[in-house]
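Participant: So the chains spell out like this:
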Amino acid sequence: MLCENCNKRTATVHVTKILNDKKTELHLCEQCAKQSEEMPFDTSFSINNFLTGLLDSIQDSPIKVDYIKTTKCDQCGMTYGKFKQLGRLGCAQCYNAFREKLFPLIKRVQGSEVHSGKVPKRAGGNIRLKKEIKRLKSELDDAIRKEAFERAAVLRDQIREMESQLNSLN
Amino acid sequence: MGPESDIIISSRIRLARNIEDFPFPIALTKHKSKELIQKVSSGILEGNTTLKNEFKLYELEEMPPLERQVLVETYLISSHLAEQWEKSAVLLNRDESVSIMINEEDHIRIQCLLPGLQLNEAWDLADKIDDVLEERIQYAFDEQLGYLTSCPTNVGTGIRASVMVHLPALTMTGYINRILQAAGQIGLAVRGIYGEGTEFLGNIFQISNQLTLGRNEAEIISNLKDVTLQIIQKERDARNTLLSSNPIQLEDRIYRSFGVLANARILSSQECMQLLSDLRLGIDTQIIKGISMDVVNQIMVMSQGAYLQKIAGKPLSAHERDIRRAALIREKIQKKG
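Taken in order, these protein sequences are the chains called U and L. If you read the first sequence in UniProt numbering, its first letter stands for residue 1, the second for the next number, and so on. If you read the second sequence in UniProt numbering, its first letter stands for residue 1, the second for the next number, and so on.
Don't take every hint at face value.
To be verified - Covered by chain L, per the in silico footprint, the following chain U stretches (three or more residues, Cβ under 8 Å): (1) 80-94; (2) 105-111; (3) 114-121.
Said to hold, decoys possible - Straight line, CA to CA, 30 Å or less: simulated DSS-like cross-link-like pairs of lysine-lysine: (4) K82/U <-> K314/L; (5) K131/U <-> K107/U; (6) K225/L <-> K131/U; (7) K121/U <-> K310/L; (8) K128/L <-> K130/U; (9) K225/L <-> K107/U; (10) K130/U <-> K32/L; (11) K52/L <-> K101/U; (12) K30/L <-> K310/L; (13) K121/U <-> K128/L; (14) K107/U <-> K134/U; (15) K134/U <-> K146/U; (16) K72/U <-> K52/L; (17) K72/U <-> K30/L; (18) K225/L <-> K82/U; (19) K310/L <-> K56/L; (20) K82/U <-> K121/U; (21) K52/L <-> K30/L; (22) K146/U <-> K121/U; (23) K131/U <-> K146/U; (24) K130/U <-> K39/L; (25) K56/L <-> K72/U; (26) K131/U <-> K39/L; (27) K82/U <-> K34/L; (28) K314/L <-> K72/U; (29) K84/U <-> K52/L; (30) K128/L <-> K32/L; (31) K84/U <-> K310/L; (32) K39/L <-> K121/U; (33) K72/U <-> K146/U; (34) K34/L <-> K121/U; (35) K34/L <-> K84/U; (36) K56/L <-> K82/U; (37) K56/L <-> K121/U; (38) K121/U <-> K32/L.
These are calculated hints, taken from the structure and not from any lab test. The C-beta atom is built at its ideal place from N, Cα and C for all residues, glycine as well.
Chain U on its own, in the form it takes in the complex:
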């Protein structure tokens, strides 16, 4: 089939448009399709397209439309659907928001899920503190459950001190 526009090259782009129940078909070659204002035709192939293409293939079952539409990052408003389209995340919080789908993807493209390089000195200190506070808090809950109140009081003071350390770091 020849391109309907130039009638020279083979038509490789086929568009079916349904508007108000009226169906129109368009057959163009790549060059004419690029110039056509009928459709935003993007032949550029970027790492981002490639990456998000992988997102679909790594799922055990196709991602439910619900997930694409409703999963959203609270911080920046990026939806999972939008991320799939752009291949880029909107903010640091997106890593948590899309964790379920994103971590298998990272594992697949990077071959690992664990950073083993440089750690920023300040944020690094923060992280250690936060981790320790989290651990102490669960110990505190445990102590309260067991009614070991003396132990709980000690833990409470330790947590307070660490939290004030954390605040002074920030």
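Position chain L against the provided structure of chain U, taking the given hints into account.
Facilitator: Structure of chain L alone, referenced to chain U:
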């Protein structure tokens, strides 16, 4: 010119960093982006290190488009940064070995570019600047994933280490395809710098790490360096084979290219890149004497579109550029030749 500079043109380290509590550039408003430029630049320019005297801030919005294009052509900024000119900026140091791009794909992209094979030196420089920035800025960092980046392909170390290499003999002998394949299998990406698809214009390639997570910076760099050293050896072997098996043919090719460069009146950028590759090989193999590699490197920068227009002081059509390019190269070569 740096070590191994007969084959390695330059080494580059790029670190991707983001600031906590700011959306990534893709979701950043113009107002916020200006705030971020201020925050990052003050980290360098107002810190109490010697860096503050070395760097200067350029907001892309305040630059003429041609100046921005010159920065792209000289690899000081990426084309992506130039496209984001309304929101982006760059901090450049005096000798232009370091550029800190602000609001590229990530908030901060520290880039160190040194001539020859100097990956470790470039890393030391980038690492130091990273430390200075971190004194005043809280980075987006996750305990498990490392430095968080807008694209998951950069997460972890955020490092992209690369070398720009000139491999004419491997291209001529066809071995380059095997190398491209092998490099891909061990986590390195090799791509032509100029031209597209299978045509490698100017025989110049960029080799870089693909993975950023799971290995530390030193491992990533030494992996790249080891492979690069092997490729250098293969290129040298291929050059020797060409020189010993059919020297007259190689000489003929090099002298023909030299003749065109020294005499042509119209030169397209594509033709120019191919001829310069031959000239570079001619100088390396000492077939051409009396022209220094510095001249070739200068021509590589000065013969690009935006640079020619900058020298001319006005916009030029493609045809006018081809004429000016030929004139500039004649002048450069004859002066030294």
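Participant: Please name the hints from earlier in the document that this structure breaks, with their numbers sorted from lowest to highest.
Facilitator: 4, 6, 7, 11, 16, 18, 20, 22, 25, 28, 29, 31, 33, 36
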